[in-house]
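Asker: Below are the chains, spelled out letter by letter.
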Amino acid sequence: MLAVLGLSSEEALVSYLSAAVRFDGKLDLENGKSEYEIVDYFKARAARNANGYASFLGAGVYNHYRPVLCDVVVSRGEFLTSYTPYQAEISQGTLTTIFEFQTMVCQLTGMDVANASMYDGSSAVPEGAMMAARVTRRDKILVARSVHPEYREVLTTYLKHGGLPVSEVGYSPNGLLDLDDLTKRLDDSVAALIVQTPNFFGLLEQIDELAHIVHSKGALLVVAFTEAVALGLIEPPREADIVVGELQSFATPPSYGGPYAGIIASKDKFVRQLPGRLVGETTDSEGRRAFCLTLATREQHIRREKATSNICTNQALIALMATVYMTVYGKEGMRELAQQNLSKAHYLASKLPRKFDAPFFNEFVATTNGKSAGEINRELLEHNIVGGLPLDRHYPELSGCVLLCATEMSKRADMDRIAAVWDGK
Amino acid sequence: MIKKVSPHIVQNEPLIFERSSPGKRGYQLPELDVPNVDAEAALGRQNVRGEIEDFPEISEVEAIRHFTRLSTWNYAIDLGLYPLGSCTMKYNPRVNELVARIDGLAWAHPYQPEHLSQGCMEVIAALENALAVITGMDAVTLQPAAGAHGEFTGLLMIRALQEHRGNPRKKILVPDSAHGTNPATASMVGYAVENIESNDRGMVDMDRLSRHVTEDVAGLMITNPNTVGVFEQDIKRITGLLHEKGALVYMDGANMNALVGVARPSDFGIDVMHLNLHKTFSTPHGGGGPGSGAVAVRDILKPFLPGPRLKRESDRWTWDYDLPQSIGRVRSFYGNFGVLVRALAYIMAHGGDGLRRATLDALLNANYIRKKLEAHYEIAYQSPTMHECVFSDDRQARKGVRTGDIAKRLIDYGFHPYTVSFPLIVRGALMIEPTETESKRELDLFADAMISIAQEVEDNPELVLQAPHSTRTSRVDEVTAARKPILRWKSSVRSAQAAD
Numbered sequence: 001m002l003a004v005l006g007l008s009s010e011e012a013l014v015s016y017l018s019a020a021v022r023f024d025g026k027l028d029l030e031n032g033k034s035e036y037e038i039v040d041y042f043k044a045r046a047a048r049n050a051n052g053y054a055s056f057l058g059a060g061v062y063n064h065y066r067p068v069l070c071d072v073v074v075s076r077g078e079f080l081t082s083y084t085p086y087q088a089e090i091s092q093g094t095l096t097t098i099f100e101f102q103t104m105v106c107q108l109t110g111m112d113v114a115n116a117s118m119y120d121g122s123s124a125v126p127e128g129a130m131m132a133a134r135v136t137r138r139d140k141i142l143v144a145r146s147v148h149p150e151y152r153e154v155l156t157t158y159l160k161h162g163g164l165p166v167s168e169v170g171y172s173p174n175g176l177l178d179l180d181d182l183t184k185r186l187d188d189s190v191a192a193l194i195v196q197t198p199n200f201f202g203l204l205e206q207i208d209e210l211a212h213i214v215h216s217k218g219a220l221l222v223v224a225f226t227e228a229v230a231l232g233l234i235e236p237p238r239e240a241d242i243v244v245g246e247l248q249s250f251a252t253p254p255s256y257g258g259p260y261a262g263i264i265a266s267k268d269k270f271v272r273q274l275p276g277r278l279v280g281e282t283t284d285s286e287g288r289r290a291f292c293l294t295l296a297t298r299e300q301h302i303r304r305e306k307a308t309s310n311i312c313t314n315q316a317l318i319a320l321m322a323t324v325y326m327t328v329y330g331k332e333g334m335r336e337l338a339q340q341n342l343s344k345a346h347y348l349a350s351k352l353p354r355k356f357d358a359p360f361f362n363e364f365v366a367t368t369n370g371k372s373a374g375e376i377n378r379e380l381l382e383h384n385i386v387g388g389l390p391l392d393r394h395y396p397e398l399s400g401c402v403l404l405c406a407t408e409m410s411k412r413a414d415m416d417r418i419a420a421v422w423d424g425k
Numbered sequence: 426m427i428k429k430v431s432p433h434i435v436q437n438e439p440l441i442f443e444r445s446s447p448g449k450r451g452y453q454l455p456e457l458d459v460p461n462v463d464a465e466a467a468l469g470r471q472n473v474r475g476e477i478e479d480f481p482e483i484s485e486v487e488a489i490r491h492f493t494r495l496s497t498w499n500y501a502i503d504l505g506l507y508p509l510g511s512c513t514m515k516y517n518p519r520v521n522e523l524v525a526r527i528d529g530l531a532w533a534h535p536y537q538p539e540h541l542s543q544g545c546m547e548v549i550a551a552l553e554n555a556l557a558v559i560t561g562m563d564a565v566t567l568q569p570a571a572g573a574h575g576e577f578t579g580l581l582m583i584r585a586l587q588e589h590r591g592n593p594r595k596k597i598l599v600p601d602s603a604h605g606t607n608p609a610t611a612s613m614v615g616y617a618v619e620n621i622e623s624n625d626r627g628m629v630d631m632d633r634l635s636r637h638v639t640e641d642v643a644g645l646m647i648t649n650p651n652t653v654g655v656f657e658q659d660i661k662r663i664t665g666l667l668h669e670k671g672a673l674v675y676m677d678g679a680n681m682n683a684l685v686g687v688a689r690p691s692d693f694g695i696d697v698m699h700l701n702l703h704k705t706f707s708t709p710h711g712g713g714g715p716g717s718g719a720v721a722v723r724d725i726l727k728p729f730l731p732g733p734r735l736k737r738e739s740d741r742w743t744w745d746y747d748l749p750q751s752i753g754r755v756r757s758f759y760g761n762f763g764v765l766v767r768a769l770a771y772i773m774a775h776g777g778d779g780l781r782r783a784t785l786d787a788l789l790n791a792n793y794i795r796k797k798l799e800a801h802y803e804i805a806y807q808s809p810t811m812h813e814c815v816f817s818d819d820r821q822a823r824k825g826v827r828t829g830d831i832a833k834r835l836i837d838y839g840f841h842p843y844t845v846s847f848p849l850i851v852r853g854a855l856m857i858e859p860t861e862t863e864s865k866r867e868l869d870l871f872a873d874a875m876i877s878i879a880q881e882v883e884d885n886p887e888l889v890l891q892a893p894h895s896t897r898t899s900r901v902d903e904v905t906a907a908r909k910p911i912l913r914w915k916s917s918v919r920s921a922q923a924a925d
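Just so you know, the sequences run in chain order A and B.
This note's numbering puts the first residue of the first sequence at 1, with every later residue one more than the last.
This note's numbering puts the first residue of the second sequence at 426, with every later residue one more than the last.
It is worth saying that the hints were derived from the structure and are not from the lab.
Ideal Cβ placement from N, Cα and C applies to all residues, glycine included.
One thing to keep in mind: the hints can contain errors.
Straight-line alpha carbon distances no greater than 27 Å define the calculated BS3-like cross-link-like pairs of lysine-lysine that follow [said to hold, decoys possible]: (1) A:K217 - A:K184; (2) A:K351 - A:K371; (3) A:K355 - A:K269; (4) A:K267 - A:K306; (5) B:K596 - A:K306; (6) A:K160 - B:K429; (7) A:K306 - B:K595; (8) B:K865 - B:K429; (9) B:K865 - A:K33; (10) A:K160 - B:K428; (11) A:K217 - A:K267; (12) A:K269 - B:K915; (13) A:K267 - B:K909; (14) A:K160 - B:K670; (15) B:K428 - B:K449; (16) B:K661 - B:K595; (17) A:K269 - A:K217; (18) B:K727 - B:K596; (19) A:K140 - B:K428; (20) B:K915 - A:K267; (21) A:K269 - B:K736; (22) B:K909 - A:K306; (23) A:K26 - B:K661; (24) B:K429 - B:K797; (25) A:K43 - B:K736; (26) B:K428 - B:K824; (27) A:K355 - A:K411; (28) B:K595 - B:K727; (29) B:K824 - B:K797; (30) A:K217 - A:K140; (31) B:K727 - B:K670; (32) A:K26 - B:K727; (33) A:K160 - A:K306; (34) A:K184 - A:K355; (35) A:K184 - A:K160; (36) B:K824 - A:K160; (37) A:K140 - B:K595.
Cβ pair distances, simulated, as ranges [stated by the list, open to error]: (38) B:M426 - A:M409: 53 to 61 Å; (39) B:V430 - A:R412: 50 to 58 Å; (40) B:E456 - A:Y36: 39 to 47 Å.
Just chain A, same shape as in the assembly:
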C-alpha cells in the first residue's frame, strides 16, 4: 500500500505536519496488554466494589432481574456494530425495533408519540421543559421538589442560559406536591410544571388533579418517571402533555450510573416540537412496508442553530434492550412484575416507620427514630446488606430519613434482617 502511495514509511503520512503541531514524543501510557491481562485487570477492579451484597438502594436506579434474551439480542453484531440507521435499505432491523420501541413507550405512558430515546432520564427533563416552552411560547418552568434531585440539577444546568427561569414547588407533609405552593407560583407566564410519579420518595402524585390545575392556566404538564416498572400497574399519566423518563429498570444493570436510556413522549399535536430522532412507517419503491428516520427538519443536522435540540447520538442499543425486555415480559408479565415489586416493598414498609403516608409503589421513606442513618447502614453492611439512601444530602430537612427500595429481587430474609436492625435487635 505504501508503494502505491509512493511512500517509504507510514511516518511519511504525517511528515507534512509542522514540527510545531506534531507530537513526536511517546504517549505516557503502559504497553499494550493481552486479552487475558485486560480481563484480569477489570476483574480485580470489580473485586474492589461491593460483591455479594443484597441492595435496597433505588433512588433512580433499580435492581431488576435481566432476562437472558436481552443480552443475547444486543450482543448480535448486526445490532451492536451498526451505525445510526441513515441508510434505510440496509438498516431495517434497527429501524423496525425503534418503531416497536416508540410504540411500546406510547402504550406504557398513555402518550401518542415517542422518540427513539434520549441520553437518560435526567437530560430528558430539560428537553421536556424546553419543548413546553416552545409549544406555549412562555418561559417560566416550575419543578416539584419531589423530582429526583440530580434531575433537577441537570434541569438547572441546561436552562441557565436559555432564558427559562426555574422555580421549585415544595411538597406537603404527606410527601406529595404542595398544591397551595403550586397555586401561588402558577401564573400566565408558566410554560410547564414538571412533576415525577412515583416521585423521588416513591409516592404516587395525583396527575389528573395537577393536569387540571396546570391546564387551567394554559401551562403544560410534564410528567417524569424513574421507575418504569411501576407503569405495569399504575395508571399512566394520560392527562400529561409530555412524559419524560428513564428506562434503566428495563434490562439495564445499574452499571455505576450508565449507560441508560431516557424517553420523551407527548400528545400528537406537539410532535413537531419533539427533540431527537423519530422513526416512521412508509413503503419502499415496490409498495412493501418499510421504516425510515423521519421529520428530520426538527434536527441539528438539517436545522443547525434552529434545531429543537442538539442531540444526535442517543441510546439506541439500550432502547433495544428495553424493547426485548418489554417483549419478554409482555402484557401479563409487566403487570405481574409490578405486582411483585409492590408486594415486596409493602412487606418491608410494614415493618418500618414511614415518613409519608401517601400511596407508594416500590420505594418509601423510613424514619430512623433517633439512630443515625449512617449507623443503621453500617450495621446492615455487616450483614451483607446495602441499605437505603440517607436523604440528608439532598433534603437537609429529612435528615434521619432513608429512602428504601425493594424489587422482585429482594428476599424476605434480608427484609426481616433490615427490620431487626431498625428495631435495634
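Assemble the complex: chain A is given as a structure, and chain B must be docked to it using the hints.
Answerer: For chain B alone, kept in the frame of chain A given last:
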C-alpha cells in the same frame, strides 16, 4: 463485477404486535415469598391501570426469532467495511463487552458507599488520566453522554469562564464545514452563531476569520482535522488570534482518530474539546448509541468542570461535591460508565505505541482509498488527506447521478455507503473514512466497487439511479414518511403490508 456478496434468502417478519396472541408468555417470575398485596387497596382504585392495551404476548422462542430475523436486515461492522466519514466505524473488540458485564462493575449502584465503589472509581480515574495524556490537556470529565452533550458541556464552561472574567460575550464562531451539532449547541448555551466560510483548500480562511474575531466573540468551535479530512495548517495562528482577543477555542474531537499519538490538541492551542469514545476509542455504536462525550480542558477551565469530581484522599477515591465554580451537572450520576469501561479496555489493549500505530494505519487506509479513486471521482480539495477523504459527485452529476445514488448502488456491492452530502461545503459530497480496521483486501474490494459504479454511471446510469437492486427493501419513500408521519403501530390501523 460484484465480488463481495451474493443474494440469499432473508426471513420475513411482522411487527411484534402482529405476532402477538392472547395468553402467550415468555417469562417466569419466582414465587412470591411475601404476601401478595391488593393493588387497589394499596394504591387507590384510580391509581391502578387496566391491562396495557396491545402490548405484546409472545413466547420466548418467538421473541428470539423475531429479533434475530430483524437483525439480519442490518448491515454492520461485523460484516465488513463501514466507511461513514466522521463516524469512525472501527472494529469493536468483544473482550470490551465481556469486561463491561463483570458483575462487580455491572451491578455497582451509583449510590453504594464509596468504600464499596473503589473499583469503579479507579476505572474512571484511569480513563481520565489516559485521555489527558492523549490530548495533552490538564483535566477530563467523563460525565457527558455523547459528542453533542460534550459540546454543550464545553461551551457552558467557556461561558462560565467568560462570565467570571466579567463578560459572557455574545457570539460563537463556527466554520461552515462544521457538524450541525456545533451551531445547535452554541444556541442552547445562549450564543449567536456566526459562520466562517472555508477557503479553496477546505480550511478556515485566516483573513475572513480575523474579520470576525472581535471582543464580542466568546469562542470558536473548530473540528481538526476538519470534516473534509484536512488538518488545519494554520491552527496555531487561529488559536493565537482567538486568544489575543480573549476568546477560547473549542475543538470538536469527532476526528480524533487522525491524531491520537501523532498530535496533541494542547500543543496547538485548544482550550477545551470533546472526544467521542464511541468513535475513536471503539465502543460500539449500537445502531445510534450509547456513546460518551468525554471533555478535556486546559487548567484555566478546570474550576468550571461539571461535578462531582474524583478526589484522592489518603489511600482512596472520593467524590468531591464542593465545587463552587462548577457549571453544575449535565447528567445524573457519573456518565455512561459501561462505555467508559470499554474505552479503557481499548486503550489498554493498544498501549501508547499501539494507539499511534492505529492512527497511522487509519491515515494509510484513507490515503490509499483516495489514490485508488482519484482517477474516477473528483477529489474535493487537493490538500493532504488524513483519516478520511472527501470527493464530490461533479463528474457523475453530468449523467444525472448524484452522491445519494452512488451510495445506494454501493449497497448492491455489499458495502455500507460513505457519508452522503456532508460536509455541506462540498457539492454532492462523498465522505469516506475506512479506519485502521480494514485490510488491503477489503479496501481493494471497496475501491473496485466504487470504480465499477463510476463505469456504470457512464454506461448505464439508470442502473445506479434505481439502486439498490438486491436488498430486501428497495428505495424507501422518505417523502411520504415525513408528509404523513406514522410514528407508532396501532391495532385499529392494520397495515396492508403486514406480512406473516
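Asker: Are the hints correct? Go through all of them and say.
Answerer: Status of the hints after comparison with the structure:
1. For the given pair, K217 of chain A sits about 12 Å from K184 of chain A by alpha-carbon distance, which is consistent with the 27 Å threshold.
2. Annotation: proposed proximity of K351 of chain A to K371 of chain A holds, straight-line Cα distance about 16 Å (limit 27 Å).
3. With a C-alpha separation of about 40 Å, the suggested pair K355 of chain A and K269 of chain A falls outside the 27 Å cut-off, and the hint is violated.
4. Using a Cα cut-off of 27 Å, the hinted pair K267 of chain A and K306 of chain A holds, with the two alpha carbons roughly 22 Å apart.
5. The hinted pair formed by K596 of chain B and K306 of chain A meets the criterion: a straight-line CA distance of about 15 Å does not exceed 27 Å.
6. Between the alpha carbons of K160 of chain A and K429 of chain B the distance comes to roughly 53 Å, so the proposed pair goes past 27 Å and is violated.
7. A hinted pair counts as satisfied when its Cα atoms are at most 27 Å apart, and K306 of chain A with K595 of chain B qualifies at roughly 17 Å.
8. A distance of roughly 14 Å separates the Cα atoms of K865 of chain B and K429 of chain B; the hinted pair therefore holds under the 27 Å criterion.
9. The suggested pairing of K865 of chain B with K33 of chain A holds, with an alpha-carbon distance near 26 Å, which does not exceed 27 Å.
10. Of the pairs offered as hints, the one joining K160 of chain A and K428 of chain B is violated, with about 56 Å between alpha carbons and a cut-off of 27 Å exceeded.
11. Straight-line distance between C-alpha atoms of K217 of chain A and K267 of chain A comes to about 18 Å, which keeps the hinted pair within the 27 Å bound.
12. Using a Cα cut-off of 27 Å, the hinted pair K269 of chain A and K915 of chain B holds, with the two alpha carbons roughly 17 Å apart.
13. Among the hinted pairs, K267 of chain A with K909 of chain B is consistent with the structure: their alpha-carbon atoms are about 16 Å apart, no more than 27 Å.
14. Taking the CA atoms of K160 of chain A and K670 of chain B, the gap is near 25 Å; set against the 27 Å cutoff, the hint holds.
15. Between K428 of chain B and K449 of chain B, the direct Cα distance comes to roughly 45 Å. Violation of the 27 Å bound is thereby established for this hinted pair.
16. Pair hint K661 of chain B plus K595 of chain B holds up; C-alpha atoms about 24 Å apart against a cutoff of 27 Å.
17. Between the alpha carbons of K269 of chain A and K217 of chain A the distance comes to roughly 19 Å, so the proposed pair stays at or under 27 Å and holds.
18. The suggested pairing of K727 of chain B with K596 of chain B holds, with an alpha-carbon distance near 22 Å, which does not exceed 27 Å.
19. Using a Cα cut-off of 27 Å, the hinted pair K140 of chain A and K428 of chain B is violated, with the two alpha carbons roughly 61 Å apart.
20. Proposed proximity of K915 of chain B and K267 of chain A is supported: the alpha carbons are some 15 Å apart, at most 27 Å.
21. A hinted pair counts as satisfied when its Cα atoms are at most 27 Å apart, and K269 of chain A with K736 of chain B does not qualify at roughly 48 Å.
22. For the hint pairing K909 of chain B with K306 of chain A, the CA-to-CA distance comes to about 23 Å; that is within 27 Å, so the pair holds.
23. As the CA atoms of K26 of chain A and K661 of chain B are separated by approximately 22 Å, the hinted pair is consistent with the 27 Å bound.
24. At most 27 Å may separate the alpha-carbon atoms for a hinted pair to count; K429 of chain B and K797 of chain B meet this at roughly 18 Å.
25. Simply put, K43 of chain A and K736 of chain B have alpha-carbon atoms about 23 Å apart, close enough for the 27 Å limit, and the pair holds.
26. The hinted pair formed by K428 of chain B and K824 of chain B meets the criterion: a straight-line CA distance of about 25 Å does not exceed 27 Å.
27. For the suggested pair K355 of chain A and K411 of chain A, the alpha carbons sit about 23 Å apart, so the restraint of at most 27 Å is met.
28. With a C-alpha separation of about 22 Å, the suggested pairing of K595 of chain B with K727 of chain B holds against the 27 Å cut-off.
29. Among the hinted pairs, K824 of chain B with K797 of chain B is consistent with the structure: their alpha-carbon atoms are about 22 Å apart, no more than 27 Å.
30. For a cut-off of 27 Å, the pair hint linking K217 of chain A to K140 of chain A stands: about 13 Å separates their Cα positions.
31. Using a Cα cut-off of 27 Å, the hinted pair K727 of chain B and K670 of chain B holds, with the two alpha carbons roughly 21 Å apart.
32. This hinted pair checks out: K26 of chain A and K727 of chain B have alpha carbons roughly 25 Å apart, not beyond 27 Å.
33. Using a Cα cut-off of 27 Å, the hinted pair K160 of chain A and K306 of chain A holds, with the two alpha carbons roughly 18 Å apart.
34. Among the hinted pairs, K184 of chain A with K355 of chain A is consistent with the structure: their alpha-carbon atoms are about 26 Å apart, no more than 27 Å.
35. Of the supplied pair hints, the one linking K184 of chain A and K160 of chain A holds, its CA atoms being roughly 23 Å apart against a limit of 27 Å.
36. Note on K824 of chain B and K160 of chain A: the hinted pairing is violated, with a Cα-Cα distance of about 52 Å set against a maximum of 27 Å.
37. Between the alpha carbons of K140 of chain A and K595 of chain B the distance comes to roughly 23 Å, so the proposed pair stays at or under 27 Å and holds.
38. Evaluation of the 53 to 61 Å hint for M426 of chain B and M409 of chain A yields a pass: the beta carbon distance comes to about 57 Å.
39. One distance hint, 50 to 58 Å for the beta-carbon pair V430 of chain B and R412 of chain A, holds here, with the actual separation near 57 Å.
40. At about 41 Å, the CB distance of E456 of chain B to Y36 of chain A agrees with the hint of 39 to 47 Å.
The structure fails hints 3, 6, 10, 15, 19, 21, 36 (numbered hints given earlier, in ascending order).
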